[in-house]
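Residue numbers for the sequence shown follow my numbering, so the first one is 1 and each next one is one higher.
For the record, the hints were derived by calculation from the structure and aren't laboratory data. Where hints are given, some of them may not hold.
[Said to hold, decoys possible] Derived DSBU-like pairs: lysine-lysine, alpha-carbon spacing no greater than 30 Å straight-line:
(1) K184 / K846
(2) K184 / K380
(3) K725 / K649
(4) K380 / K763
(5) K846 / K186
(6) K765 / K725
(7) K763 / K725
(8) K649 / K765
(9) K353 / K380
(10) K566 / K649
(11) K566 / K725
(12) K765 / K380
(13) K566 / K353
(14) K566 / K765
(15) K380 / K566
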Amino acid sequence: MTQFKPNLIQMAMIATGLSLTSVPVFAQSDDTQAEDNVEVIQVSGIRGSLQRAQAIKMDSTSIVEALSAEDIGKLPDTSIAESLSRLPGLAGERRNGRTSGISVRGFNENYVGTSLNGRELLGMGDNRGVEFDLYPTEIISNILVYKTPEAGMTTQNIGGSIDLQTVKPLSAESTVTLNGTLEKNKEDAANPDFDNQGHRLSFNFVDQFLDNTLGVALTVATMESPRQEQQFRGWGYADANPDKAASGVDVPEGTLVLGGHDSFARSAMMNRDSVAAVIQWAPQDQLNIQFDALYIDFLEDDARRGVEEGGAEWGTGDYTITGVEDGLVSSGYYDGFYSVVRNDVRRQEAELKTFGLNVEYMLNNDWSITADISTGSVDKTITDVESYSGVGRTGTDGRPMTARSWEMTSTGVMYSDHPEIAPVDLTDASLITLAGPQTWGAPIVGGDAQDGFVNQPVFEESLDSFRLSTEGFVEWGIFSGLEVGMVYSDREKSKVNNGAYLTAPSYPDDAAIPEVLGVVSLGFIGINGVLAYDSIGLYDSGYYIATDAKLVDAGRLGDTYTVNEKLTTLYGKLDIDTSVDDIYIRGNVGVQVVRADQSSQGFSTSVNQDGLVEAVPVTGGTDYTDVLPTLNLSAEFAEGQFLRMGLSKVLTRPRMDDMRPNTQVTFSYNNTNILSNNVENGPWGGSSGNPELRPYEANQFDLSYENYFADTGYVALSYFFKDIKNWHRENGLLSDFTQDYIPEIHHTQDEAALAPVLFEGYKTKPQDGFEGLVRGYEIQMSLPGDLIADALSGFGVFASATFMDGHADAAGEGGETRIPGLSDENYSLTVFYENSGFEVRVAGTKRSDYLTEARGLSLALSDTTNQGGTFIDAQIGYDFSESGIESLEGLRVTLQAQNLTDEDDIQTSGTDSRQVLLYQAYGANYLLGFNYTF
1 MTQFKPNLIQ
11 MAMIATGLSL
21 TSVPVFAQSD
31 DTQAEDNVEV
41 IQVSGIRGSL
51 QRAQAIKMDS
61 TSIVEALSAE
71 DIGKLPDTSI
81 AESLSRLPGL
91 AGERRNGRTS
101 GISVRGFNEN
111 YVGTSLNGRE
121 LLGMGDNRGV
131 EFDLYPTEII
141 SNILVYKTPE
151 AGMTTQNIGG
161 SIDLQTVKPL
171 SAESTVTLNG
181 TLEKNKEDAA
191 NPDFDNQGHR
201 LSFNFVDQFL
211 DNTLGVALTV
221 ATMESPRQEQ
231 QFRGWGYADA
241 NPDKAASGVD
251 VPEGTLVLGG
261 HDSFARSAMM
271 NRDSVAAVIQ
281 WAPQDQLNIQ
291 FDALYIDFLE
301 DDARRGVEEG
311 GAEWGTGDYT
321 ITGVEDGLVS
331 SGYYDGFYSV
341 VRNDVRRQEA
351 ELKTFGLNVE
361 YMLNNDWSIT
371 ADISTGSVDK
381 TITDVESYSG
391 VGRTGTDGRP
401 MTARSWEMTS
411 TGVMYSDHPE
421 IAPVDLTDAS
431 LITLAGPQTW
441 GAPIVGGDAQ
451 DGFVNQPVFE
461 ESLDSFRLST
471 EGFVEWGIFS
481 GLEVGMVYSD
491 REKSKVNNGA
501 YLTAPSYPDD
511 AAIPEVLGVV
521 SLGFIGINGV
531 LAYDSIGLYD
541 SGYYIATDAK
551 LVDAGRLGDT
561 YTVNEKLTTL
571 YGKLDIDTSV
581 DDIYIRGNVG
591 VQVVRADQSS
601 QGFSTSVNQD
611 GLVEAVPVTG
621 GTDYTDVLPT
631 LNLSAEFAEG
641 QFLRMGLSKV
651 LTRPRMDDMR
661 PNTQVTFSYN
671 NTNILSNNVE
681 NGPWGGSSGN
691 PELRPYEANQ
701 FDLSYENYFA
711 DTGYVALSYF
721 FKDIKNWHRE
731 NGLLSDFTQD
741 YIPEIHHTQD
751 EAALAPVLFE
761 GYKTKPQDGF
771 EGLVRGYEIQ
781 MSLPGDLIAD
791 ALSGFGVFAS
801 ATFMDGHADA
811 AGEGGETRIP
821 GLSDENYSLT
831 VFYENSGFEV
841 RVAGTKRSDY
851 LTEARGLSLA
861 LSDTTNQGGT
871 FIDAQIGYDF
881 SESGIESLEG
891 LRVTLQAQNL
901 TDEDDIQTSG
911 TDSRQVLLYQ
921 AYGANYLLGF
931 NYTF
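Using the sequences and the hints, build the whole thing.
So this is what it looks like as structure tokens:
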């Protein structure tokens, strides 16, 4: 078999329509046509994809990982994120049942640059990070992960850079392809108005016209993807009162107890429609023009129905401790809390548009000039409706209270009946009414008038950029090429944090639920269930009386802002091509000079004596210049054996929400908070942004040994060290809020009108100037079975392991030191068999615990610890092109299974894995798909 050699690698890429960079490929010249006589073995299927990925790694002067279209199309993966999560040094993060976030070398997606055909790509999240599960695999031809940067890359980040590349139609094979998939969750739909089945359809077209000078690629894709989930969410862990111990039970000082929970059965349906187009025109050998367009319309409906209940200390003082283990109350019972039946529905709507035009002109045989202009925008709205019901409106006499026994488990808690008090049936439609059973309302609506709440943040983001560069060949000693250029980008992101208190029209009385849909079981935590009804339908129909929360909630305008960032980048890069003692050395050295001008507008909010928010517009900003040098060297010291080294200074732009100028003081009108003597659970709080934040910065060193011993076989060992010179931390300072206290409004929401027990709380602000490090090793291997024995022909193994440690300075004593997204250990293993059209693949990933974010109060993001896990997927398929049946030529059928072991997600408080804050179980997912190529 002819194996790839370095001088054939580019030909192998062109033969499959792939490219090592995002630069468009010219129409074939006479020289290129002459090279067509070179033997290039085009291998399809799994081995073909591994061969192409290996060729890219071999040819690169940087340390990279690669995925080809075959990888994405034939792995048991339904998104780009799942495919990326299997690469060495990368790890996926599941969110609501889907792999969405990607960490690169210990840094989550907020510290990873992402581009589409070399242009920075907007995400659909709250910050800069891209949610990779929202981008359809059908539009992607190739993915490159740069672990070491080059001077010409404007998306270099501390974690690394990911470039998504679409097909280049002038060099791709003409094709028309139809894809279809039926999807089914293992678990039945937990909610009566949702389904556990979905589908995917896509159409791909690639062809050439006008004597192969005009190429067109078009992809149209649509999907409906369901998810089911069982979710326990702990409020947190309070200090236990030793006086509440049962006889014979010892409660040491500092023992913690679960303070309450809200637990849900969740059903979701994600709808995504996508259109991608690439038009490539090369009217003459010297000129190449490429236009790219991408449109994504995203909608996800998400119903979470369950119950919210206060527990020991934070819900009620009437509790008894029956067990303690190592500083945590392991069992007990409490005598009563008015359970809040929750029917919450979240609707996320987003629309992404991006357009780019690239023009490259060959000035002569050695030099070219390139101009690139692009524009992109994202509009996103989250409508999160909370609807409360229970045993009657708060203040109503004679209501039964829910009393429960509890026992802590490895996944949260399991409830059972109280030893003496009879249970309350939350599925009894004659008992449960549509009215808030707790005193949660703000004064403007009344403490007894909050029957729900709607959070509705609206995000808008735009990015315009222009790039002009020239590159060519030089003969300057060891330097063989030069590239210089300028890039200008203008980015703006805004958030309007809307919200409203919802009151049922029956107020001040209560009334029956208008239309009960059925019962949702909560058996996974020992509760028989709750009534289900259409809360978002009630909200959309105008059933509720809505009172704008920004009138009294300082956090609304306090989290409404616009951030603008203008970047001007000048760069130069010299290619290195030389030899020393018969050792072939390639590489590049360069520098970027980046001028940043950032500004933001927002509000400073506080509450006046009438209980109303006073908002004053505020602005802020700064400008600065960074110099970012890079050096990459690759030495082939023996045939197929490379030693690569990288030195660079890299940066990651500040989080967009941290750059807001806003300041705010908040007060919780919850009687439990007002009467708490624990500052962690008190009513006062405050926060601000920091529009003068400088980028995260690190100096990094990378070293890699790679041995390519077959066309799909290699081993590699890498070491990396990132010396963090500027890191950000949210610095919370204990503050006195006495001057903000207004006796007429800051009191309990009942007749007693009691003043707050505490007048202290925390004010937080993001600050820079912290330092740290991340370092680690990567081991990876690709091994074809036929190298071991002929009987193993068709088998193959791809495996990797990554070991890391890292930290950054804490903001204060006992503060957080971890890096978001860093797991100490990551593993990936894929075993496959491919022969005579049959394809079987089993793939697994494993990662240890890591720091992440979760949505909390008012949909705000807060830090939490994910315990990691092991995820196993599998696929079996058959390609009828090798069946000998002419009528089935071009047809491929696959059956895929995801999360075969029903792995759950667990997030905990700090590093104590027993203090579960969030438990999510999803079950397995199955997909039956077909692919037909004409």
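Item to check | Hint check, failures only | outcome: Violated: none.
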